[in-house]
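K.L.:
Residue-level listing of the chains:
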Amino acid sequence: ETGVTQTPRHLVMGMTNKKSLKCEQHLGHNAMYWYKQSAKKPLELMFVYSLEERVENNSVPSRFSPECPNSSHLFLHLHTLQPEDSALYLCASSQDNSLGEQFFGPGTRLTVL
Amino acid sequence: DAKTTQPPSMDCAEGRAANLPCNHSTISGNEYVYWYRQIHSQGPQYIIHGLKNNETNEMASLIITEDRKSSTLILPHATLRDTAVYYCIVRVRNFGNEKLTFGTGTRLTIIP
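Chains as they are written, first to last, in this note's numbering: chain A, 1 to 113; chain B, 1 to 112.
Misleading hints may appear alongside valid ones.
List of simulated lysine-lysine pairs, PhoX-like, C-alpha gap at most 25 Å [stated by the list, open to error]:
1) 69(B) - 3(B)
2) 41(A) - 3(B)
3) 19(A) - 41(A)
4) 40(A) - 3(B)
5) 22(A) - 41(A)
6) 52(B) - 69(B)
Just a sample of chain A residues kept apart from chain B, beta carbon distances all over 10 Å, derived [said to hold, decoys possible]:
7) 12
8) 13
9) 26
10) 39
11) 64
12) 67
13) 101
14) 111
No wet-lab data here; the hints were simulated from the structure. Since we're looking at a predicted model, the values are computed, not measured. We put the beta carbon where it would ideally sit given N, CA and C, even for glycine.
So here's chain B without its partners, still in its complex pose:
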């Protein structure tokens, strides 16, 4: 699986959009970009994933650059409950088992 690079920490004001970047310059054509988050003392929570096109769901939007070497997770109206560690994971389709490799992520703090 390709490696990802994320800033170790970010702050965002409550009510504003939180934009979390991720670099994955060695991504290959069959690798998907996944985002998970982990709120303190809880298990990770799936947020969104995409291959080429931008994706949106009730939690967030995922913007993937045209060359697929980087992506941005957008939380449109951050709340205090969005304070968590956010993980960007690039994963190859591997029929037979699904292997998520977590990095150190970005610690997002929402400021009141």
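Next comes chain A alone, as it looks inside the complex:
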């Protein structure tokens, strides 16, 4: 248990569906992150939020839409995804945005049909 939870753990969706991934951290951290891990590829940073404001967007397609309503919750809204978007989506949080280590959740395994 890292103090970062993600739901759902597994998700199968069609290309026309709209779904959301949820991340919650119980650590009092003020920075949160979304990463994508495709098969046989390194983890890719997607988004960074610091104090509920987006500070990094790594050229992610608009079919991925993040939302950070407060410092404990982070969402990733998905719509009209492609099969190549199938991957493990990982959420992480850190105490601050300088040197603190990141705590990762268990991830959501997403399959797009």
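Knowing the structure of chain A, use the given hints to seat chain B on it.
P.N.:
Structure of chain B alone, referenced to chain A:
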């Protein structure tokens, strides 16, 4: 951030010390060396980090060469649960956001 080079895979006997090398020859003075690991089907887990001096915690030791161009992560008494992919990351302090760039890492297999 400086690039890192790690061997793709290593084996280590259970109970022995596992020494995982990392080259970061282009590291700059304000970049830290971080180590994370990822056990199969789980999120990455922070292990240790350092700037210049050697560091030790309950999980591992980090040895950084004097010129800082390479480092070694040491798991002193490897167990089967240490089987994982180990990532060496060199990261600049970037106030405003903290950006970890993961490479392909070293797949460490602990042999019974």
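K.L.:
Has the given pair, residue 41(A) with residue 3(B), been kept, meaning a C-alpha gap of at most 25 Å?
P.N.:
holds, 16 Å
K.L.:
Has the given pair, residue 22(A) with residue 41(A), been kept, meaning a C-alpha gap of at most 25 Å?
P.N.:
holds, 23 Å
K.L.:
Any Cβ of chain B at or closer than 10 Å to residue 12(A), or is the non-interface label fine?
P.N.:
It holds; residue 12(A) is separated from chain B by about 17 Å at its closest Cβ, greater than 10 Å.
K.L.:
Measuring Cβ to Cβ, find out whether residue 64(A) lies farther than 10 Å from everything in chain B.
P.N.:
holds, 18 Å
K.L.:
Starting from residue 19(A), check that the Cα of residue 41(A) is at most 25 Å away, please.
P.N.:
holds, 24 Å
K.L.:
Please confirm whether residue 26(A) is truly not at the interface, meaning its C-beta sits more than 10 Å away from all C-beta atoms of chain B.
P.N.:
holds, 15 Å
K.L.:
Would you mind confirming whether the straight-line C-alpha gap from residue 52(B) to residue 69(B) stays at or under 25 Å?
P.N.:
holds, 10 Å
K.L.:
Run the distance test for residue 40(A) versus residue 3(B): straight-line Cα separation, threshold 25 Å.
P.N.:
holds, 19 Å
K.L.:
Find the nearest Cβ of chain B to the Cβ of residue 111(A) and say whether that gap is larger than 10 Å.
P.N.:
holds, 14 Å
K.L.:
Does residue 3(B) sit within 25 Å of residue 69(B), going by the straight-line distance between their CA atoms?
P.N.:
Since the Cα atoms of residue 69(B) and residue 3(B) sit roughly 11 Å apart, the hinted pair holds (cutoff 25 Å).
K.L.:
Confirm or reject: residue 39(A) is not an interface residue toward chain B, with every Cβ-Cβ distance exceeding 10 Å.
P.N.:
With a cut-off of 10 Å, residue 39(A) remains clear of chain B, as the shortest Cβ separation is near 13 Å.
K.L.:
Are all beta-carbon distances from residue 101(A) to chain B longer than 10 Å?
P.N.:
At roughly 4 Å from the nearest Cβ of chain B, residue 101(A) sits no farther out than 10 Å, so the non-interface label is violated.
Comparing the model with each numbered hint stated earlier shows that hint 13 is the single one that does not hold.
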